[in-house]
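Each chain is listed here by its residues.
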Amino acid sequence: MNGSDPRLIKPVLASVLTVLLLSLPWLTSDYFVMMTIRIMYFGLLTMSLCYLAGELGLVSLMQAAFFGIAGYFVAILQTRYSLPFPIPPLAGIGVAVLAAGLFGLLAIKAKGVYFLMLTLVLGQLVWALASQWASMTKGDSGITGIYAPVLFGFSAEKSKTVFYFFQLFAFSGVVWFLAALKRSPFGLMLRGVRDSETRMAMLGYPVMLLRYLAFIFAALVAAVGGVFFAYFTGLINPHSVSLTANVEALMASILGGINTLFGAVLGTGILKTLDVVLSGVTERYVLVMGVMFLVIIMFAPKGIAGSARQIWEAYKGKMLSFLALGNKTAKP
Amino acid sequence: MPESLLQISGLDAYYGKSHVLQDVKLAVNHGELVLVVGRNGMGKTTLLRSILAFPPVKRRGSIVFEGCETSRMTTHRVAALGLGYVPQGRLLFPSLTVEEHLRFAASRSRGQEKAWTLKSVYDLFPELQQRSQVGGGRLSGGEQQMLAVARALVTNPTLLLMDEPSEGLSVQVIQRVKDVCRHLTSSGMAILLVEQNLDMALNLADRAYVFLNGQVVYEESGEEFRADRKRVRA
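Heads up: the sequence lines are chains C and F, in that order.
If you're matching positions, the first sequence starts at 1 in our numbering and goes up one per residue.
If you're matching positions, the second sequence starts at 1001 in our numbering and goes up one per residue.
Any given hint might turn out to be false.
[To be verified] Taking CB as the label site, the calculated pair distances span: (1) F:Arg1077 to C:Leu243: 33 to 41 Å; (2) F:Gln1129 to C:Val113: 19 to 27 Å; (3) C:Lys10 to F:Arg1077: 38 to 46 Å; (4) C:Phe177 to F:Ser1018: 43 to 51 Å; (5) C:Val113 to F:Ser1062: 40 to 48 Å.
No lab work stands behind these hints, which were simulated from the structure alone.
Beta carbons are placed, not taken as given, at the ideal position from N, Cα and C, and that holds for glycine.
Bound-form chain F, shown alone (with noise of 0.2 Å):
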């Protein structure tokens, strides 16, 4: 079997002495929709700030990312490896326009075959080139989320983590983050799909985990998830 692209396994995660994640095991696969669903508070975003080393998570086990443990790292070596993150809640700057958010991220783009440029998330979200000199803190929401994608597009990752994208929009936006989502895993790239809107996130995934209370209960692939959350529909 090939290696995966992400490994995580026996990971411990703590808040000061919080325990929050307990002995997760998940692996992420080249080109492949990974969806980690779960409710409010049981360890979805602890998750994506343990594999991206945010300080004030506490980490224990190991996290292989492209045959790399990344678990002593900084975060700012580990996003440099090749993970593009859109964070929940978008983080974007005020005081920076659309085209300044593209440009700074852009210069951190890696590897030779540069196939997200600013040309092509333009093309990918026409609107975001129509607001190009707008700033950060004056589009609307689902301005900001494609401007948050497209952010962690143009640094050419090759796994894309994104964090309850589709918070706050309309069901029209959140077609468009599932069609985009659907765009980037057929050209290859991998995404590792952090939601609590199962409705958004159900066809999209290629595998699911469920997280409860910081543990993995349940990991099966998209087509058995889909037939599961019909059964007990059922």
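Isolated chain C, as found in the complex (with noise of 0.2 Å):
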């Protein structure tokens, strides 16, 4: 078989990415482990934003509102109530979706700027919540004491190798969900509304419904995201439902490219491991960041995997040929 098909392509690098991940934490330290979770539960919030913002064109500033709420379930539902697992994950991101539900009501109908300003004042309202209720909250000291669970008699609080399996599981599932969501007849309604409102609603769709529905799964999203949260770092406070947080993942986003769910994790990746390195060599990280936000804006307004994607679509011939050249030189 030709070694340069493009067909075995994604399939090759997808089996590639699935060993690494998999050998993960027998390849690299614990250090490298837990950026890797870091960026997972935080690639979540992000891939929730980049999926209203890619197959709908709405930026919404309230993702991480829904974040928040799931992990503050978590956080009140196991140190207050002491229920058991996986009682306080489950409803922590059913109240996600349910508020969802709800905000989405009023949220929904609105569009471009306007729908930016309610999510942002929805969000406040959030935030102001989770940081006023004290006797629930414990206001802006946060709650702390949130213990991961044990799965299958290993201990995922003890062991950070399994909350990686813990966390990759999901992460992999919401993924998968997403991928198919966007592959599916909903996605490509979706992309109807997002080409031509008043054309899909010209067709018969329930253009509102669409976008409501998708608002939902968006918030589902950054709920599970929440959850990982609140058990990797044990701790949940109002920073997390902040418009900082949310911000964090508009610029993640943008990094990496609205458009793609990989584009919203190298994102992640990349903003998580700047923050980390850049502010180890300069008290000026900020700036350096915000020169970088400008260049990417500027000269890669698609994101770093928009651009890469570009490119290959651009070069993916003359690279093909040059593979199966090599190909061929190596054959007797």
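Now that you have both chains on their own, put them together as the hints suggest.
So this is what it looks like as structure tokens:
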């Protein structure tokens, strides 16, 4: 078989990635595993934002609220009511989805800057609740003492490797779900809505319902991230539902590219890594990152993943023929 | 007499204060092609929009489709009853490929017997299969029209509403559209065809209505209509 068959590239890359991800705890240090866990749960928040921005052209400033609602519910149900696993995470995700159902009724009719403003207000509402309902949320100091569960006799709290696989399992499930959703007739309809709402409405599609469902699905993704955040850090405070947390996810999505799930994870990965690396090198790391964003927005508006894709599309032929040539010369 | 598939009576339609359709009475029976003709601005498109309940049009009167009164329904409910719409200007989506247009429309397919599938519309329009991975914005006018028809067909409608399908097409493509219309009615589908191009539609019609200033001023069988037209020309 020809090694340069373009249809083989995706499965080969996917297999390599799977092997790498499954063997990561044995290949790298605990620190790297910890970073990957962080990238995964923040990546879910970014994906949630990218899903709405990419599929519907709507930028939401309240995805962190769903992330935080799920986290807070895990914290409250576990520390205050001592409910056993898996009730707290399932209830947390359920409540975040319900909240999305409620807020969605208000937000989804708005478009463009009005959607941005409405989600900003609703997000701030959740933040104010987290910060000021101190009897329940312990105010600005937040809730501590959240422990990751014991799964099949393995404690995710004590072992980073167990936690890593627990999160990898959920993360892969969500990625698979979003990818399937994007390819489904529902996903195609959403793209139709993004192209032209009027056309979709004229063809008899319930545009508002489609937008509403997309908003709920996006919240679900953010909520899964929030559960793992609470479990991994053992702490939840109003910062996790704040505008800052949402803007960080927005920056990650701009960096990686909003149109692909891969871009969301890549952007989060780069952002979180730079956060650690640059802050160790200089105190003015925020300034360095600001300049970097400026460069990205000016020269690669589709983000790193988007630009890489464009370059790949442009030079695909050349690269494949180069690979094919390599194959031929390698044979005796 | 058997009940009509679509029965419109006493229909008044308004855009704001503008009274566009006035006391329209019209029927489409199973498996027939009904032609609505009239010059620009006579209310033909408004008639289709009234049937499909598009929001800016306000309606009064009765529109019964397959025994179901639709005058208080929303567009997506009406569409789900089995009305396929081939809009004027085709209304395709640039970011979706031909196949994606068909896949999402097919998800709304109704009934147990799904006569129209992706495969059967590709059999009807082989050129669409060749262009299945091309975006909706990069098709020729004829291909766009075929896709618009195919997209309506995969929902397996009982009535197809076609708004000026010959607009902007070459003579050869118009002939193709006519052949498709004939094929569809012979397979039992009803079509309500709104046209300005009388030459295109004349031979197809089982019955015809002429609209003038939002009113039906003429209603005859296709044969009578063709005979009348000959007489007028002579």
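Going down the list of hints, with the structure as the test:
no.: 1; hint: F:Arg1077 to C:Leu243: 33 to 41 Å; in the structure: holds, 40 Å
no.: 2; hint: F:Gln1129 to C:Val113: 19 to 27 Å; in the structure: violated, 42 Å
no.: 3; hint: C:Lys10 to F:Arg1077: 38 to 46 Å; in the structure: holds, 40 Å
no.: 4; hint: C:Phe177 to F:Ser1018: 43 to 51 Å; in the structure: holds, 48 Å
no.: 5; hint: C:Val113 to F:Ser1062: 40 to 48 Å; in the structure: holds, 43 Å
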